[in-house]
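Asks: Sequence:
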Amino acid sequence: MPCTVNELYDRIDRLPRVSLASLPTPLDDCPRLSTALGVPVSIKRDDLTGLALGGNKTRQLEFILARALSLGSDTLVTMAAVQSNQCRQTAAAARRLGLAVHLVLRGEVPPVPDGNLLLDRLLGAETLFLAPGATREEVNSAVAQRAAELKSSGCRPYVVDLMNDDSEDQALAAVSYALMVAELSAQMVAAVGPPEWIYLSSGSGGSATLAGTWLGCRALGWPTRVVGVSAAHTPDSVREDTLGIARRAAELLGLASDAVNRPETMIVERDYVGEGYGIATPEGLEAMRLAGRTEGLVLDPWYTAKVLAALINHVRRGRLEHSARVVFVHTGGTPLTFLHSLGGLIAGGE
979 MPCTVNELYD RIDRLPRVSL ASLPTPLDDC PRLSTALGVP VSIKRDDLTG
1029 LALGGNKTRQ LEFILARALS LGSDTLVTMA AVQSNQCRQT AAAARRLGLA
1079 VHLVLRGEVP PVPDGNLLLD RLLGAETLFL APGATREEVN SAVAQRAAEL
1129 KSSGCRPYVV DLMNDDSEDQ ALAAVSYALM VAELSAQMVA AVGPPEWIYL
1179 SSGSGGSATL AGTWLGCRAL GWPTRVVGVS AAHTPDSVRE DTLGIARRAA
1229 ELLGLASDAV NRPETMIVER DYVGEGYGIA TPEGLEAMRL AGRTEGLVLD
1279 PWYTAKVLAA LINHVRRGRL EHSARVVFVH TGGTPLTFLH SLGGLIAGGE
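Numbering-wise, the sequence shown is residues 979 to 1328 according to my numbering.
Hint data in this document are derived by calculation from the structure and do not stem from the laboratory.
On a predicted model such as this, the values are computed, not experimentally measured, just so you know.
Built from N, CA and C at the ideal position, the CB exists for glycine as well.
One thing to keep in mind: the hints can contain errors.
[Unchecked claim] EDC-like, lysine to aspartate or glutamate: derived pairs with alpha carbons at most 20 Å apart:
hint, residue 1, residue 2
1, Lys-1129, Asp-1052
2, Lys-1129, Glu-1104
3, Lys-1129, Asp-1139
[Unchecked claim] Derived Cβ-Cβ restraints for the label pairs, each shown as a range:
hint, residue 1, residue 2, range
4, Pro-994, Pro-1241, 23 to 31 Å
5, Pro-980, Val-1170, 16 to 24 Å
6, Ser-1319, Asp-988, 42 to 50 Å
Build the full structure now, drawing on both the sequences and the hints.
Replies: Okay, here's the thing in structure tokens:
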């Protein structure tokens, strides 16, 4: 049987949590964008979670860092790409909680720090850089080595692992997006009912954001279809990996097995990546301009722009009925808009 929204809140509230995000985030109607698209669209503003320019990881870190603190940790170690939104938010959360922070970053290092890397430096994060071609195994090895070095020096490190699909942190992160759905219920369902569609960004592997959003919809008995638009080339297993994260989050919340039924309502869209992760697409740049010029809304070129590009294309191809209510979850990424290498592309088309 589905939960009520209050029951879902109660289950989430049983888990340890620290306060990092400004919640609930707004749900903004977008009348001009809706007219341009031909479907009614609202934006869930998770770019406004408030920590170091916000983003979806701030929600997730509330649950993950509660666990870190319960284990007596005084130092965080995490890993991702050089321009990682997650690493920037983890560094800011560490400082908010009085913790040291070490980042293991894979990719080309710009000659002058910009975007998220600039904010990492501002926040005083210690950084270790790996080559762009470093494999996941090599990244995991470097993280384990850094954590071991910190432990041997007397620190109590906690590895924030949002890269490996089987990590405990992924399930905790998914819980935070079941919470986002509970917020949506309070913000829109009483007036108009649940949305028919939710669009959001998903990463290069199993996505906790997609998993938790889908789980929240299923727990409440919504028929909503949740579309995760990949920001990077993903393996064929990505949908099953994401469902696995959702199942483990459901166990954390003590939800019945029917909370993870109807897997067909989770859709992983892999056709809008373009040339690869961290590379803007023409369709994404078009979407950025449309959002900016209709609603004054700033998207980022790597994640949310590709989501809106997918939504635009789906409407044009008739995949959505014109009366279908759509929620677009803006997962942040604002610092990526200010990368020196992208300025000309973003400002182009004048």
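Asks: Just pull the numbers of the violated hints for me, sorted ascending.
Replies: No hint contradicted; all consistent.
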